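Protein chains: 2
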Amino acid sequence: MSEYTGYIGRSLEFLKLNDLVVGDSVKILSDLTFSGIIMPRYEHSDDKHVVLKLNSGYNVGLEIDKIENVEKLSTAEKNVEKIQKLETNPSLPKILLLSTGGTIASKVDYRTGAVTPILTAEELNSSVPELARIANIDTEVLFSEYSENIMPDHWLKIAKKLEGYSNSDYSGIIIAHGTDTMHYTSSFLSFSLSGYPIPIALVGSQRSSDRASSDAALNLIGATKFLVESKTKGIYVIMHYDESDEIIACHFGTRVRKNHTSKRNAFQTVGDSPAYLIFNNNIQKNTREKFFKTKVFSPKIHLDTKVALIKYYPGFDSKIIEKIIEMGYKAIIFEGTGLGHIGKTMYESIKKAHENGIFLGMTSQCIEGRVRMTVYESGRDLLNLGIIPLENMIPEVALVKTMWAVANSRDNEDLKKIMLENISSEISY
Amino acid sequence: MSEYTGYIGRSLEFLKLNDLVVGDSVKILSDLTFSGIIMPRYEHSDDKHVVLKLNSGYNVGLEIDKIENVEKLSTAEKNVEKIQKLETNPSLPKILLLSTGGTIASKVDYRTGAVTPILTAEELNSSVPELARIANIDTEVLFSEYSENIMPDHWLKIAKKLEGYSNSDYSGIIIAHGTDTMHYTSSFLSFSLSGYPIPIALVGSQRSSDRASSDAALNLIGATKFLVESKTKGIYVIMHYDESDEIIACHFGTRVRKNHTSKRNAFQTVGDSPAYLIFNNNIQKNTREKFFKTKVFSPKIHLDTKVALIKYYPGFDSKIIEKIIEMGYKAIIFEGTGLGHIGKTMYESIKKAHENGIFLGMTSQCIEGRVRMTVYESGRDLLNLGIIPLENMIPEVALVKTMWAVANSRDNEDLKKIMLENISSEISY
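As given, the protein sequences belong to chains A and B, one line each in that order.
Residues 52 to 480, numbered by the numbering used here, are exactly what the first sequence covers, in order.
Residues 52 to 480, numbered by the numbering used here, are exactly what the second sequence covers, in order.
Don't read these hints as lab results, they were simulated from the structure.
It is possible that some hints are incorrect.
Identical copies carry no separate label here, and so any pair may be met within one copy or between two of them.
The calculated lysine-lysine pairs, modelled on DSS-like cross-linking and capped at a C-alpha distance of 27 Å, are [unchecked claim]: (1) LYS370 / LYS403; (2) LYS374 / LYS403; (3) LYS336 / LYS357; (4) LYS370 / LYS208; (5) LYS357 / LYS468; (6) LYS395 / LYS211; (7) LYS341 / LYS351; (8) LYS395 / LYS212; (9) LYS208 / LYS395; (10) LYS468 / LYS99; (11) LYS314 / LYS395; (12) LYS381 / LYS395; (13) LYS403 / LYS468; (14) LYS99 / LYS117; (15) LYS381 / LYS370; (16) LYS467 / LYS99; (17) LYS374 / LYS357; (18) LYS336 / LYS117; (19) LYS104 / LYS341.
The structure displayed is predicted, hence computed values, not measured ones.
Please model the complete structure; the sequences and the hints are all you need to start from.
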């Protein structure tokens, strides 16, 4: 990126006139006074605005014609953070941090405004120095993707990488991950790495580390503490518990969902408290369950993506089901209404799907609560059509489990058995 | 139904031997002691069990071979409820109750075990005598469907029926409705009957009126009180606020969702408190918003079902979008991840959909929070592909609004304008 990335015409002129480049800290008097860092501009920009990242973390576009005064506070160079290399402490346990991308594994380069991956060991130690007092952390960058672009193929790569560390001297492994699909990834690891000998924590952040409200550091500190001290196994998602900075929550990786678009406490254990809470430097255990229902580590790192998650709604066109049958799908997980219902207009196509050997599972779009298909006529009809009620599995988890189970079962009977077996606490009571 | 509906072979023999028929109250000693009513059996029953409805409301199947003793407590006839006709009080306001079906509009006939519609005026007065002290209630049965079978065509019929009562002397109208899709129906009425002159309350029950834990009566009493006393307009969903019987919640019909499969307080206003609460016989107002953003009643009772709600997930097959384009759909509402994201693998098909003139709207599968597509690169990419971010509209509400708006707009520009206009509090701040 150049010093003027994205600035054209009059806005470029404005920067040059005032001896400013992208990355400079400025105070601008317009209708109000704004302090912040000049940001690069993206495609399709006009030439009438200059964009500032305010200290709140939000960007604001200021109309050049309304700017009355500009004061440069510091130049771009001064905003680049210094990296300090800290020494390792041989008396502390070892942790591995695998980075896959996302907000937590990024920082805004104040010089260019671009979001770039961090999380080399040195940079991590520099940005969260508290970690070095809890553990010696090795870091490894697996990939650098925002999690909306993390696909089942990435799940396989993460799982295989973890399989390779199952006999290591690490006390636990952190996976830095974008928050959007972190719970899908945690589900896949829960099934494919059942019985994994050391705890694994998926950690994300809802606010990037250049924002005052960033949750990145505390989530990492909480996760490291948990991995070192909890003496447990399992796949956990570790994030803020509430809007404060007091409590960090450790959720079972199969019982968690991103329930808010932007809040720091977006992740919630569905229908229950998080399995562990970390506050006042203590780890409080809320669960009596062992995460894995097997003691033996038995990796099964396979999946099949010919599985659809279908949310039913009034007016749902059953022809969509017919298309899915034609496309050779092997399983459909429904998000039915209420206790696990679907309207009668869908029965014919469901029957056809069943006759075509497609596995049909039922979850509820209510998200909370258990499907129970014996209460009303509709539920009993659907049972007779071959739909399998999947207890209180979260729809997204049921989808991922089915992708995994299709690839790890001999036939539909075996698939059904696996789907109803509680493997990694995906079913709760 | 016969006296032995569904009983065959050995189970039929067992009933005859013990002089029992369906509907009898019995006490049975097996591995435990069970008291309840003998229920009819459904298709595909074996002949090894007798089914009891326990006082808890749940059914249990008892293995005949394990039954040690049977005691008949009362015969089927004694379980039939008596109907009392109450007189009307001319000093009270008038309310109309339109019944569409669902648990609230049903009761179990103890003679046969079948669930049948009630809610003729007499039966209602008999089962909830408190109502007659608040209002004179006329009742009308529109249809008798569990709500998983309520389709957009039913929404049109309900709306047209209500349009006919817009100049009546009723103080308000209750719609008895199954809970599974009650929030979809309330959304359609909110858009199609914008500005309706008297308040409308959709009321359901999560537990049928033959169960001790039934919420039917209290929800009806709360709704009636609200319609008579609140002096407001709008479409509301009125249900239990919590697990107690103390508080009834009145939710805006466009901000509510069924968030639990079975709890009595399954309905929640997303991201906020309910607009009104009723407790200690008082109505507490929690909102400063007027539900309708127009004062004029302007019915627009049309819809188009060529609208799909698509939940994105890792591995989503973009070919499904291609099929939807081929099927002539006019709009797709996405449930994206996080702030409103979809993986890059979908971009080509989204571009194609846009080029085919399909309206593309974005909501979030997080359910809570606002989509904001300017924060990350993915969001900006999707904006450039023509996707319209739909603020904090609940995905189901966005679906229904789009079905309505497609049929009430001149072109895509007009459709976009309508989708982003806050018509009936579907967008909140």
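Hint check:
Taking the shortest Cα distances, LYS370 and LYS403 sit within 27 Å of each other both inside one copy (11 Å) and across copies (21 Å). Taking the shortest Cα distances, LYS374 and LYS403 sit within 27 Å of each other both inside one copy (11 Å) and across copies (19 Å). Taking identical chains as interchangeable, the C-alpha atoms of LYS336 and LYS357 are never at most 27 Å apart, the minima being 38 Å within one chain and 49 Å between chains. For the homomeric pair LYS370 and LYS208, the shortest alpha-carbon distance between copies (24 Å) is at most 27 Å, but the shortest distance inside one copy (35 Å) is not.
For the identical chains of this complex, LYS357 and LYS468 are intra-copy neighbours only, at 19 Å inside a copy versus 38 Å across copies, given an alpha-carbon limit of 27 Å. For a Cα distance limit of 27 Å, the shortest separation of LYS395 from LYS211 across copies, 24 Å, qualifies, whereas the shortest one inside one copy, 43 Å, does not. Taking the shortest alpha-carbon separations for LYS341 and LYS351, only the intra-copy value of 20 Å comes in at or below 27 Å, while the best inter-copy value is 55 Å. In this assembly of identical chains, LYS395 and LYS212 lie within 27 Å of each other by CA distance solely across copies; the values are 24 Å between and 46 Å within a copy.
Taking CA atoms no more than 27 Å apart as the test, LYS208 paired with LYS395 passes between copies only; the shortest distance there is 19 Å, against 42 Å inside one copy. Only between protomers do LYS468 and LYS99 lie at most 27 Å apart by alpha-carbon distance; the minimum there is 24 Å, versus 62 Å within a single protomer. Taking CA atoms no more than 27 Å apart as the test, LYS314 paired with LYS395 passes between copies only; the shortest distance there is 25 Å, against 39 Å inside one copy. Proximity of LYS381 to LYS395 under the C-alpha cut-off of 27 Å is found in both arrangements, the shortest distances being 22 Å within a copy and 24 Å between copies.
For the identical chains of this complex, LYS403 and LYS468 are intra-copy neighbours only, at 22 Å inside a copy versus 41 Å across copies, given an alpha-carbon limit of 27 Å. Taking the shortest alpha-carbon separations for LYS99 and LYS117, only the intra-copy value of 10 Å comes in at or below 27 Å, while the best inter-copy value is 84 Å. For the identical chains of this complex, LYS381 and LYS370 are neighbours both inside a copy (17 Å) and across copies (16 Å), given an alpha-carbon limit of 27 Å. For the identical chains of this complex, LYS467 and LYS99 are inter-copy neighbours only, at 25 Å across copies versus 60 Å inside a copy, given an alpha-carbon limit of 27 Å.
In the homo-oligomer, the alpha carbons of LYS374 and LYS357 lie at most 27 Å apart both inside one protomer (13 Å) and across protomers (16 Å), since each shortest distance falls under that limit. For a Cα distance limit of 27 Å, the shortest separation of LYS336 from LYS117 qualifies neither inside one copy, at 56 Å, nor across copies, at 42 Å. Neither within a single protomer nor between protomers do LYS104 and LYS341 lie at most 27 Å apart by alpha-carbon distance, with minima of 45 Å and 35 Å respectively.
In summary, the structure is inconsistent with hints 3, 18, 19 from the numbered list given earlier, while agreeing with the others.
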